[in-house]
Amino acid sequence: MFPTVIKLIPFIEAIGIIAFCISGFIRAQQRKFDSVGVFIIGFVTAFGGGTLRDILLDRRPFYWVEHQNYVIAIFVCSLLAGKTLDFMHRVLSRKGMIVADALGLGLFTITSTAIALDAHMPYFVAAMLGVIGAAFGGVIRDILCGDTPLLLTDSRPYASCAFIGAWIYIALLHFNANDIVSLLISSSLIVVFRLVSVKLRLEVPKGF
Amino acid sequence: MFPTVIKLIPFIEAIGIIAFCISGFIRAQQRKFDSVGVFIIGFVTAFGGGTLRDILLDRRPFYWVEHQNYVIAIFVCSLLAGKTLDFMHRVLSRKGMIVADALGLGLFTITSTAIALDAHMPYFVAAMLGVIGAAFGGVIRDILCGDTPLLLTDSRPYASCAFIGAWIYIALLHFNANDIVSLLISSSLIVVFRLVSVKLRLEVPKGF
Amino acid sequence: MFPTVIKLIPFIEAIGIIAFCISGFIRAQQRKFDSVGVFIIGFVTAFGGGTLRDILLDRRPFYWVEHQNYVIAIFVCSLLAGKTLDFMHRVLSRKGMIVADALGLGLFTITSTAIALDAHMPYFVAAMLGVIGAAFGGVIRDILCGDTPLLLTDSRPYASCAFIGAWIYIALLHFNANDIVSLLISSSLIVVFRLVSVKLRLEVPKGF
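Chains as they are written, first to last, in UniProt numbering: chain A, 1 to 208; chain B, 1 to 208; chain C, 1 to 208.
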C-alpha cells in the first residue's frame, strides 16, 4: 500500500498549487487586474509561503526555481485567465475548491514543518514555519492586493488547523513514528480539521 | 558598577520585547483579530525588525529561533490576550508604555547597529540597520494590519531619535570608547531624545 | 565606439536611480510624509527591487551597501526634499521624468537578468528576476504607502516591456551574441517599448 500512497504526493502537491494559484486568480479577477497582475498574484499565492519559509531558513534553491514548469504553467494560464477560471469553475464547484485548498494546506504545512525540522529548528519554530509555508502565500497575496490579510480578519480556523497538524506531525516523529506515516496522518488530519470547521462554521475565539 | 549594569541588559531587552509585543496586541485588539491574528501581530511587532535586519545581513539563526521561550510566551499571552492586556494596563500606565517602548527603541537600535558593524557594514548603512532592527517591527505590524506605517505618517520623532543615537554609538566606537560604555550612553540618549520629544510634542520637519 | 558606450552605463545607472528615487519623493510629498518618510520611500523605490532580487538569489553585499554614497545622497536630498523636487521639476519636465524612468527600467531589467543568469537561474526565472529587480522597488514603495501597487492596477505596459526585453537579452546571449551588445540592444528596446506604449496609450489585456 505504501508505495502507492507515496506516488500520490506529487499529485496532491499539484492539486494544492493549482488550488492556491486559482484563489489568487479569483482575487485578481475581482480586482480587474491585467494579465501581469494575474500572474503576479497567482504566483505569490502558490509559492509565496514556501519562498518566505525558505528565506527565513536561508534555504535555496526555491521550489519554483527547481520546478520552473509550474511557473511557466501559471504564466500561460494567467494569459488565458478568463478561460482558466471558466474551466476551473466547470471542473470544481465552490466546495471542490475548498477541498482542494484544504489538501494544499494539509500537505504544505507538513512538508514545511519537515523542512524546518531538517534545518534543526526547535519544535515550536518548526510548527510556525509549517504554518508560514502553507498559509503565508495568501497573506502576501492580500498585502499586494491592498487587503488586510484574511488570515487575520477571517476567524474561521485555517492557520490553527495547520498549527495543530504540525504539532501532531512533530509528536509522531518525536515518538519515532515512520516519516511517511506521520506525514500522511498529520496532513490528513489538517484536511479533516479544516473541512469539519468549515462545515460546522467553527470560529477561533477572540481572546479578548 | 559595570558588571551590575551589564546584568541589566537582558532585563531591558525583556522590557523592550514585552513593550513591542503589547503594542502589537493593542493594535490586534482594536482590529478585533482572533487569537491567531493576535499572536502574529504580537510576534512581528516584537521580532519583525530584527528579523528583517538579519535577512538583510544574511545572518542566522534569528534571535527568536535561539530564544524560543519568548515566542512560546507570546503565544500563551495571545491565547489570553484579554487578560494580558488587562494585566498590562494595571501594571503600566499609558506613560509607562511609552517609557517601555522607548527603552526597547534605545537598546535594539544600538544592538542592531553593533551587529551591523560586526558584519562590516559601512557606518551609514550600520546606522540605517540600527533603525530597521528597532523600528521596522512596527512597520511590518502596520502593513499586516492594512495601515500606512506610523513610522511614515506620524511626525513625532521615533526613527530619527534612533538614527541620531546610532551615530553617537558609531562616533564613540570610532574614537575607541569602550563597547559597553558606548552602548549604555547611546541607548540612554535615544531614550532621553524620545521621551523629551514626546513631552515637548516635537515634530520632524516635513522638508517640503 | 564600444568603450564609449560602456562608459555611459554608470551614467545611465545614475539617471535610473535618480528617476526612481524622485518618483518615491513625489509620492512621499503627496502623502505629506516628514523627512524620515521621504528618505525611506525614496530609498526603497530606488533600491528595493534590486534588494528583493538579491535576497531571492541569496546574494550579498547589496548594491547600496557597496555604493553607500548613493544612500547618503538620497538622505541629504530627503532633508531638502522640497528643494530637490523644485530643482528636478525645473531640470526635467513630466516627459523627461518618463524618459528617465524608462532608462532605469531598461538598464536595471537587463542587469538584473544578467545577475540572475550568472547565479545559474533557469531562463524563465531569470527573466522574472529581471522584472523584479527593475520594477519591484515601486511595488514596495506602494505597499509602504498603503496603496495597491501601480504594477497591478495600472494597465499601461511596464513589467511587460521589461519582461519582453529580458527575453530578448536571453535570446541574444543564447545565440552567443556579445554581452555588452546584448545588454545595449535589449535595454534600449525596453526603453523604446515603454515610451512607444506610453505615447500610443497601449494597455495590457485583462485576460478575463
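Keep in mind that the hints were calculated from the coordinates and are not lab data. Backbone N, C-alpha and C fix where the C-beta goes; we use that ideal spot for every residue, glycine too. Among these hints, one or two may not hold up.
What the hints assert, rightly or not - With beta-carbon atoms standing in for the labels, derived distance ranges:
no., chain 1, residue 1, chain 2, residue 2, range
1, B, Asp-86, A, Gln-68, 26 to 32 Å
2, B, Gln-30, C, Asp-147, 46 to 52 Å
3, C, His-174, A, Ala-73, 19 to 25 Å
Claimed, not checked - Here are the simulated lysine-lysine pairs, BS3-like style, with alpha carbons at most 30 Å apart:
no., chain 1, residue 1, chain 2, residue 2
4, B, Lys-32, B, Lys-95
5, B, Lys-95, A, Lys-199
6, C, Lys-32, C, Lys-83
7, C, Lys-206, A, Lys-95
8, C, Lys-206, A, Lys-83
9, C, Lys-206, B, Lys-95
10, C, Lys-206, C, Lys-95
11, A, Lys-95, A, Lys-83
12, B, Lys-32, B, Lys-83
13, C, Lys-7, A, Lys-7
14, A, Lys-32, C, Lys-83
15, C, Lys-199, B, Lys-206
16, B, Lys-199, A, Lys-206
17, B, Lys-83, B, Lys-95
18, A, Lys-206, A, Lys-83
19, B, Lys-206, C, Lys-95
20, C, Lys-7, B, Lys-206
21, A, Lys-206, B, Lys-83
22, A, Lys-83, A, Lys-32
23, A, Lys-32, C, Lys-199
24, A, Lys-206, B, Lys-206
25, A, Lys-95, A, Lys-199
26, B, Lys-199, C, Lys-206
27, A, Lys-95, B, Lys-206
28, C, Lys-32, C, Lys-95
29, A, Lys-95, A, Lys-32
30, C, Lys-95, C, Lys-83
As the list claims (entries may be wrong) - Quick look at which bits of chain C chain B covers, simulated, 3 or more residues with Cβ under 8 Å:
no., segment
31, 37-49
32, 64-75
33, 136-148
Is it true that the C-beta distance of Gln-30 of chain B to Asp-147 of chain C lies inside 46 to 52 Å, as the hint says? violated (22 Å)
30 Å limit on alpha-carbon distance, applied to hinted pair Lys-206 of chain C and Lys-95 of chain B: At roughly 52 Å apart (the allowed maximum being 30 Å), Lys-95 of chain B and Lys-206 of chain C break the hint.
Is it true that the CA of Lys-199 of chain B sits at most 30 Å from the CA of Lys-206 of chain A? violated (35 Å)
Between the alpha carbons of Lys-206 of chain A and Lys-83 of chain A, is the straight-line distance 30 Å or under? violated (40 Å)
Under the criterion that the straight-line Cα-Cα distance not exceed 30 Å, is the pair Lys-95 of chain A, Lys-32 of chain A satisfied? Roughly 24 Å between the alpha carbons, so the hint for Lys-95 of chain A and Lys-32 of chain A holds.
Would the hint linking Lys-95 of chain A and Lys-83 of chain A be met if the CA-CA limit is 30 Å? With a Cα-Cα distance of about 20 Å, the restraint between Lys-95 of chain A and Lys-83 of chain A holds, given a limit of 30 Å.
Quick check: the segment 64-75 of chain C, covered by chain B? Criterion 3+ residues, Cβ under 8 Å. holds (count 6)
Against the 30 Å threshold, does the CA-CA distance of Lys-83 of chain A and Lys-32 of chain A hold or violate the hint? Holds - the C-alpha atoms of Lys-32 of chain A and Lys-83 of chain A are around 15 Å apart, at most 30 Å.
How about the segment 136-148 of chain C: do at least three of its residues have a C-beta closer than 8 Å to a C-beta of chain B? Our answer is that it holds, as 4 residues pass the Cβ test (under 8 Å) against chain B, meeting three.
Against the 30 Å threshold, does the CA-CA distance of Lys-199 of chain B and Lys-206 of chain C hold or violate the hint? Outside the cut-off at roughly 53 Å; violated.
Does the structure keep Lys-83 of chain B and Lys-95 of chain B at a Cα separation of 30 Å or less? With Cα atoms ~20 Å apart, Lys-83 of chain B and Lys-95 of chain B stay inside 30 Å; holds.
Is the straight-line distance between the alpha-carbon of Lys-206 of chain A and that of Lys-83 of chain B 30 Å or less? OK: Lys-206 of chain A and Lys-83 of chain B at ~12 Å, within 30 Å.
Hint check: violations occur at hints 1, 2, 5, 9, 13, 14, 15, 16, 18, 20, 24, 26, 27; the rest are consistent with the structure.
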